[in-house]
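What follows is each chain in one-letter form.
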Amino acid sequence: MATVDIDLPHVKDDDSHHHGPAKGLGRWLYTTNHKDIGSMYLIFSLCMFMIGGMMALVIRAELFQPGLQLVEPGFFNQMTTMHGLIMVFGAVMPAFVGLANWMVPLQIGAPDMALPRMNNWSFWILPFAFLILLSSLFMPGGGPNFGWTFYAPLSTTYAPDSVTFFIFGVHIMGASSIMGAINIIATILNMRAPGMTMMKLPLFVWTWLITAFLLIAVMPVLAGVVTMMLMDIHFGTSFFNAAGGGDPVLFQHIFWFFGHPEVYIMILPAFGIISEIIPTFARKRLFGYSSMVYAVASIALLSFVVWAHHMFTVGMPLVGEVFFMFATMLIAVPTGVKVFNWIATMFRGSMTFETPMLFALAFVVLFTLGGFSGLMLAIAPADFQYHDTYFVVAHFHYVLVPGAIFSIMAAAYYWLPKWTGHVLNETMGKTHFWLSFVGVNLTFFPMHFVGLAGMPRRIPDYALQFADFNSMASVGAFIFGFSQLVFIYNVVQNVRAGQKATDRVWEGAHGLEWTVPSPAPYHTFSTPPKID
Amino acid sequence: MSNSTYYVPEQSKWPILASIALGLMAYGAAMTFNAMTADRESTGPFVLGGGFLILFYVIFGWFGQQIEEEAQGLHNAQLDGSYRQGMLWFIFSEVMFFAAFFGALFYVRVLSVPWIGGEGAKGVTNMLWDGFEATWPLLVTPDMKQFPGAKGVIDPWHLPLLNTALLITSSVTVTFAHHALKDNKRKALEFWMALTIILAAVFLYFQATEYHEAYAELGLTLESGIYGATFFMLTGFHGFHVLLGTVMLFTMLIRCFDGHFTPGNHFAFEAVCWYWHFVDVVWVGLFLFVYIL
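Which chain is which? The protein sequence lines are A and B, in order.
For the first sequence, this note's numbering puts the final residue at 532, and the numbers step up evenly by one.
For the second sequence, this note's numbering puts the final residue at 293, and the numbers step up evenly by one.
Hints are computed from structural coordinates only; laboratory data are not their basis.
Source: prediction; values computed, not measured.
Beta carbons: idealized from backbone N, C-alpha and C, even for Gly.
Be aware that a few hints might be false.
[Said to hold, decoys possible] Simulated restraints, written as ranges between beta carbons of each label pair: (1) A:Val305 / B:Val281: 18 to 28 Å; (2) B:Ala38 / A:Val333: 48 to 58 Å; (3) A:Met376 / B:Glu68: 55 to 65 Å; (4) B:Arg40 / A:Leu131: 18 to 28 Å; (5) A:Gly24 / B:Phe206: 17 to 27 Å; (6) A:Gly67 / B:Leu218: 49 to 59 Å; (7) B:Glu133 / A:Phe340: 24 to 34 Å; (8) A:Met198 / B:Asn76: 16 to 26 Å; (9) B:Thr43 / A:Pro127: 17 to 27 Å; (10) B:His158 / A:Pro317: 37 to 47 Å; (11) B:Glu213 / A:Met376: 54 to 64 Å.
Take these sequences, add in the hints, and give me the full structure.
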C-alpha cells in the first residue's frame, strides 16, 4: 500500500478543552506544540542557511580569480570550516527535523509528538549551540580552521584555543539531535492512529524512522570522538598521538563511523519527501512502495560498514581498501531501486510541473549525478587521483545542494499552503527554481573538471589553468545565493497574505495531512482518525 | 496503537531553562578548560557552576512536575509506551557512546600499536620510533619523554574481580526489589533497594581506591600513553554512569519510602532498573577487555 486514501469528513478543531496558541514571546519559549516547534526549527534552519551561505560566498569571492585578494588564508580556512559545520548541523539537519515535527504527527494521525516538552528542549538547545560555535570566530586565535571533518592533529595539537568551545558546542547540539531522534522514533512507533500499520506509513515517515535510528546510533560516537579530542588537548591523553601509542588515523576511523551514516541522515528524509511529491504530481500511486522501504533500510544498514572509503589514501591495509570499496559500491543497488521507482511512478502519469515537482525532478536528475560521481570516488585505485580535490567538493555538493537542499525547498513549496493556509506565488516559485537550478549547476559542475585536473580543495589560491572554471563557479554561487531571496520574499508574502488554499491543496495529493483544514489548526487529531 | 484521547502537556518553562543551563555549562566548561591549560585565571568556573545550578533546579522541577502529573492520573497507557521507547533508545545511545571508546581500544590493540612496533601491513611505521616494541599493556610508549608510560597495570583478580561480583550481585538485588514491588511487599522492596545502593557505593569506593593505587603506586595515569588513556576513559565514564545510576537508585528508594509506585504502575522504577542493568553489562565488557585480556 503506497498511499492511504481517506474519505474522512474534515477533522475540525472543535475540542473545547484545547485552546489556541499563547500570546507573545512566551508562546515560542514555552511551547509544547509540534507545529510551533516545527516552525521554529525551519526558521532557525533558514537563518543558518543564510549565514552558512554568506560564508560560501566569501569562499567563492576569494576563488573568483587566482591569487590572494580578499581574505587572509587563515580566515579562508575558518570560512570553509564554519560553512561546512553550519550547513550540515545548522541548516540541513534542523530543516529535516522541522519538517518531521510538522508532518509526522499530521501524517500518522497523532495529536502531537510523543514527548512534547523534550521536543521543545531539543529545539532550544540549537540556538545556544550555534551561538557558541559562531562566537568562536571572534575569539583570540580565530575560530575552528581545521575543516568540518576536524581531523586530528590539526584539531588537537595545532588547533586554535576556540576548539574547546567547538567541542562543547558539538556536545550540546548532539544532545539536541539525540533527543529529537528519540522523540521521532517514539512518535512513529507509539502514536499512530488505529489502522495506520507500519506498511501504510507515508514514505516520509518511514525514512524519518530510519534516519532517527541512524542519529541515535552515531551522534553518541561523535560525542565520543570530540571527548577524546578534549582529553588529548587538555588532559594529556594520547588517543590521536602516536608518540603515546595512539594514532591520528584512529580519529578518522571514529569520525567517519559517525560521518558516513551522518551523510545519509541528510539524504534519507529527502528520499521520503521526493517519494511524497512525485506521486502527487504524476497522479499515480508510488511505484514499489515496499521496495522503497526495504531500499532505505538497506542503505541505512550499509552506511555502517563503508566509512573508510573516505580514507583510501590514508594508509590502510589492502584488505581494508578492497572491503570498503565493494561495500560502498553495494549501496548503488538500493539507491538504483529508488531512482528506478521514482521514474516508474512518473511513467505514463498525468504529470504537471508545479514548483514542488520541479524541485523534485531536479532532485532526481542531479542527485543521481552526484551518486554517479560517488561511485567514481568509491573505486579505491581511482580515488587516489580524486582524493581531496574539487572533484570531491563537486560530488558532495551535488548530493547535498540539489539533493538535500532542493528536497527541503520542494517540501516547503509542497506543504507551506497546509501550514499557512495560503497558496504560494507560482511565478515567483518557478523563478526561484530556475535561478537555483542554473546557479547550482554553474557553481558545481565545473568543479568536476578542475578537480579531475588536480585542483586541491580548501586552498585559497590555485594555478592559472583553473581560472576560467573557477570564475564560472563563483558567478553561479552568487546567482544561487541571491536567488534564495526570491524564496524568502515569496514565503513572507505567503505568510502575510495570499490566495486561500484548499484543504487538499494539490489535486493529486493523498494522505492524512490533506484531510485537515488549511491552515492546519493548532491542535489536530485530538481524536484519532480512522484509517481503512 | 492509540487511545481515544491523549494528554498533551501545557506550556512548560523547563525546556528553555534547561537549554540555557546547557548553553552556560558548555561555554563555562570551555572557558575553564582553556584557562586551566593556559594556566590563567578565568570566570569559567562561575559560568559552569551557574549552568549546573540552573540544571539542578530544572531536574528537581521537571521531574517533580512529572511525578505530580502522574499522581493526578494524567498519564495513560500510551504515554507509558512513549516513556518506554524514550528510555530504551536513550540507553541505546549510551551503548553507542561506549562503543566509540571500545572501538578505539580494539583499534589500537589489534592494529595501530602492532604497526608502530613493526608488525603487520603498516609495520613500516616503526621507522618513526626505531626499536619500539609493541606490547599490551603498553607500558613503554614510543616517546617516553612525552608520555612516560607506567610501571604496571591493575591486577584484574583483586579489586576488579571483587567489583565484578559486587555489580552483578547488585543487578540481582535490584531485580529482587522489582519483584517485591510487583508483589506489593514494601518492606522487602526497601530492603533490596537499600542493599543495591550499598553494593553500588562499595563499588564506587573500590574504584576510587583503584584509581588512587594507579596514580600513586603504578604511575598509571591519563598521561602515561594509550593504555592509560583507554583505561581511564573507559572505566572513568563507566564509573560516572555508576554514580549517576546510584543517584537514580537513591531517588527511587526515597520515592519508595514516600509510598510512590504501585505493583502495576512504576515505570520510573523500571527505567532505573534498565539503566542499572546497562551499567552492569558495560562493566562485564570492561572487565573482560580492559582488565583481563
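Going down the list of hints, with the structure as the test:
no., hint, verdict
1, A:Val305 / B:Val281: 18 to 28 Å, "24 Å, holds"
2, B:Ala38 / A:Val333: 48 to 58 Å, "53 Å, holds"
3, A:Met376 / B:Glu68: 55 to 65 Å, "60 Å, holds"
4, B:Arg40 / A:Leu131: 18 to 28 Å, "24 Å, holds"
5, A:Gly24 / B:Phe206: 17 to 27 Å, "55 Å, violated"
6, A:Gly67 / B:Leu218: 49 to 59 Å, "58 Å, holds"
7, B:Glu133 / A:Phe340: 24 to 34 Å, "56 Å, violated"
8, A:Met198 / B:Asn76: 16 to 26 Å, "22 Å, holds"
9, B:Thr43 / A:Pro127: 17 to 27 Å, "22 Å, holds"
10, B:His158 / A:Pro317: 37 to 47 Å, "38 Å, holds"
11, B:Glu213 / A:Met376: 54 to 64 Å, "56 Å, holds"
Checked against the numbered hints given earlier, the structure breaks hints 5 and 7 and satisfies all the rest.
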